[in-house]
Amino acid sequence: MDQAVRELSYAQAIQEAMAIALESDERVFLMGEDIGVYGGAFQVTGDLVERFGADRVIDTPISELGGAGVAVGAAVTGLRPIFEFQFSDFATLAMEQIVNQAAKMRYMLGGAVSVPVVMRFPAGSGTGAAAQHSQSLEAWLGHVPGLKVIQPATPYDVKGMLLAAVADPDPVMIFEHKLLYKTKGPVPEGYYTVPIGKAEIRREGRDLTIVATSIMVHKALEAAKTLEAEGIDVEVVDLRTIRPMDKETVIESVKKTSRLLCVYEGVKTLGVGAEVSAMIAESEAFDFLDAPIVRLGGAETPIPYNPELEKATVPQVPDILAAVRSLATGSR
Amino acid sequence: MPVEVILPKVDMDMATGRISRWYVDEGAAVKKGDLLFEIETDKAAMEIDAPASGTIRDITGKEGIDIAVGEAVAWIYAEGEAGKPAKDVVAEAKPVQNLAPAAPASVATASAFSPALAPVKAVAPSMPLNGTRATPLARRLAAEAGLALETIAGSGPKGRVMRKDVESAMTAPKREVKAALWPDQIISRPPASSQPRPAPQRSAGAAPLNFAWLRQGEGRPIVLIHGFGADLNSWRPMLAAGPVDAPLLALDLPAHGGSPRHTPADLDAIAADVEATLASLDLGPILLVGHSFGGAVAATVAARGHADVRALALIAPAGLGPEINGAFLQGFVRAKSEASLMPWLRQLVAAEQVLSKPFVNATLAQAADSELRTAQGEISDRFFADGTQTFDIRGLLAALRIPVRVIVGANDRIIPASQSQGLPGEVALHVFPATGHMPQVERREQVLKILLEMARA
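Sequences listed follow chains C and U, in order. Each residue of the first sequence is one higher than the one before, starting from 1 at the first, in this note's numbering. Each residue of the second sequence is one higher than the one before, starting from 1 at the first, in this note's numbering.
I should point out that these hints are in silico values taken from the structure, not numbers from a laboratory. Where hints are given, some of them may not hold.
[As the list claims (entries may be wrong)] Derived EDC-like pairs (lysine to aspartate or glutamate); straight-line CA-CA distance at most 16 Å:
| # | chain 1 | residue 1 | chain 2 | residue 2 |
| --- | --- | --- | --- | --- |
| 1 | U | K357 | C | D287 |
| 2 | C | K247 | C | E275 |
| 3 | U | K164 | C | D287 |
| 4 | U | K357 | U | E167 |
Could you build the full structure based on these sequences and the hints that come with them?
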């Protein structure tokens, strides 16, 4: 099949993936608050309700616990629900269904059932949505065996990983950074998948490895371009999946560069970068480290409403530049 | 390993203490838990028990003087354990071992510790014996290169040793490296040839060669002669493979390392240089070890009988047959960049993973010394003209009446392993499978073991 490549936005790529899933598999349906006529809080579902009907693009009442419960139950019966949260922050309301039901059922019933539910979480700061609508809670769910947790960073990846998630027999949680929705990139037409659990080297480099997630991949790449002019050759690893984590790619990269910087938007303490750091310290890559491992993560504070303060609480390109320079020159 | 008895911390803010009284004498047999000594601080007096059973020796903690907390005050030797305690070793060249925190068993236990103070005990011994700051990578590279970490100046924060510091220590001018590495050994030995050497000169008679003591120890000295194009530092990786208890001296051949850069006329001329160097050191009986071209030199020295060689070990020796990889010799001498050098270095070994970065960098640093490589090119032309070994040591080996062992790699691409066939019956032959021209690097543990066995025999 001829798969022409177009420039699509991240949001369009998600919508296209969901349309392909709806078209090709009658077990697939969408659920979420205001995803029908309104088109979704971030206009990701768009006109899918017109194309596939209100039976397959279902508006739910304002109850995340209820909606998630219906989705998990439907998945147990063999359907393939894709459930959208308006904001990832509202995962807190649905924790029982996600953590105690979806993640546990296959295990507790001895493999007699699986829970092929996909949950989509618009996440992150930068939209002036304040403390209850700006968090990055992926590490919370990454802590739960039984879930798969992914953070695609490009339109290409989000389409391929969403389709991989729909095909996956287990619950997959997708964290989509809100500032990524409008970013554009090449996306082939038609069906393809990008594997869950495999990191991607976005830029090869000699001097230092940045392991980044989601929007931080783009900030790391921007920093790498500046640093290249300074003679510092940075490798950027897009982690893509935080559970199960692709340890091998990170270990091999650190063995090559001898330096590791983790950049992630979630709160620094006990976050994704903390896990990557500890994993490297325990691995064979330890004997290759020529500098301390450094994390750049979110500040230890609720996200402020004030836009300048909001920016200051998450890593920005100048923070990455400063961290890399101090590491690469051996002054840290 | 003898167990260390330290001055324990018995008070939260105690930095030093005094031993008011020893209850045992030097050489006494003690049982674990026996009372050893009493310490006094401003606030308390405390009786300290033996942390292990054995013989107490090297009591250095004298009564009535201030001693820092955590300092060793004596050592307890297990039955049959002999020799000086590991302190010298610690100060020497095994950074990897130094890293290991002292086992809890080596802490003197104070029977009178209150439970509240008990955790403090763990503080002193959990500190690394070696206080050098270094990155994990620097520690590993230094260990592989046989460099003592504490002698390398660290350029990182608070003097942290990083990869680049280890690499520059590897490639520093020879004399500086030597002085930095083994100050005690250099100073404690007769100065005959450790004095600053005259600039390159042509010598009519025997000229003393550059040398370094790579290890000190008890027993018969082992003297090491490197191969063509290398220098005495090329032995260091092997020394990192295990503990070495014998004194170990390495020489630089003429026109190699820090030795005078003349082109000797023949093997006898080089042997005379070696003999002059050994005579100046008054070593007594030795085990002589040579690698490749150095093997031919070692065999010649042994056969001439001027030096007191009691055993001979030849690693991938030259002089057993006519054929040698001439392309390698020419390419190696000419290579100036990493790109042109690496293909030749890979031919040296069976698996290129053993070529460490410091080794490559050290070789590159030599390649940058065009005067050195020019002199070596002359040696190559003289001794390996047209890819042929122009000398033969088989006759020498047949006449020797000392133990001789030949160690080769089955996959040697420089000198074919088949040349070690047909040696005299008394000569022992070790053939390592999947090994190239550098058994002392590729099979460092086994080769070191063989050499130490020979030195002890």
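Structure-based check of all given hints:
no. : hint            : in the structure
1   : U:K357 - C:D287 : holds (14 Å)
2   : C:K247 - C:E275 : holds (11 Å)
3   : U:K164 - C:D287 : holds (15 Å)
4   : U:K357 - U:E167 : holds (8 Å)
Comparing the model with each numbered hint stated earlier shows that all of them hold.
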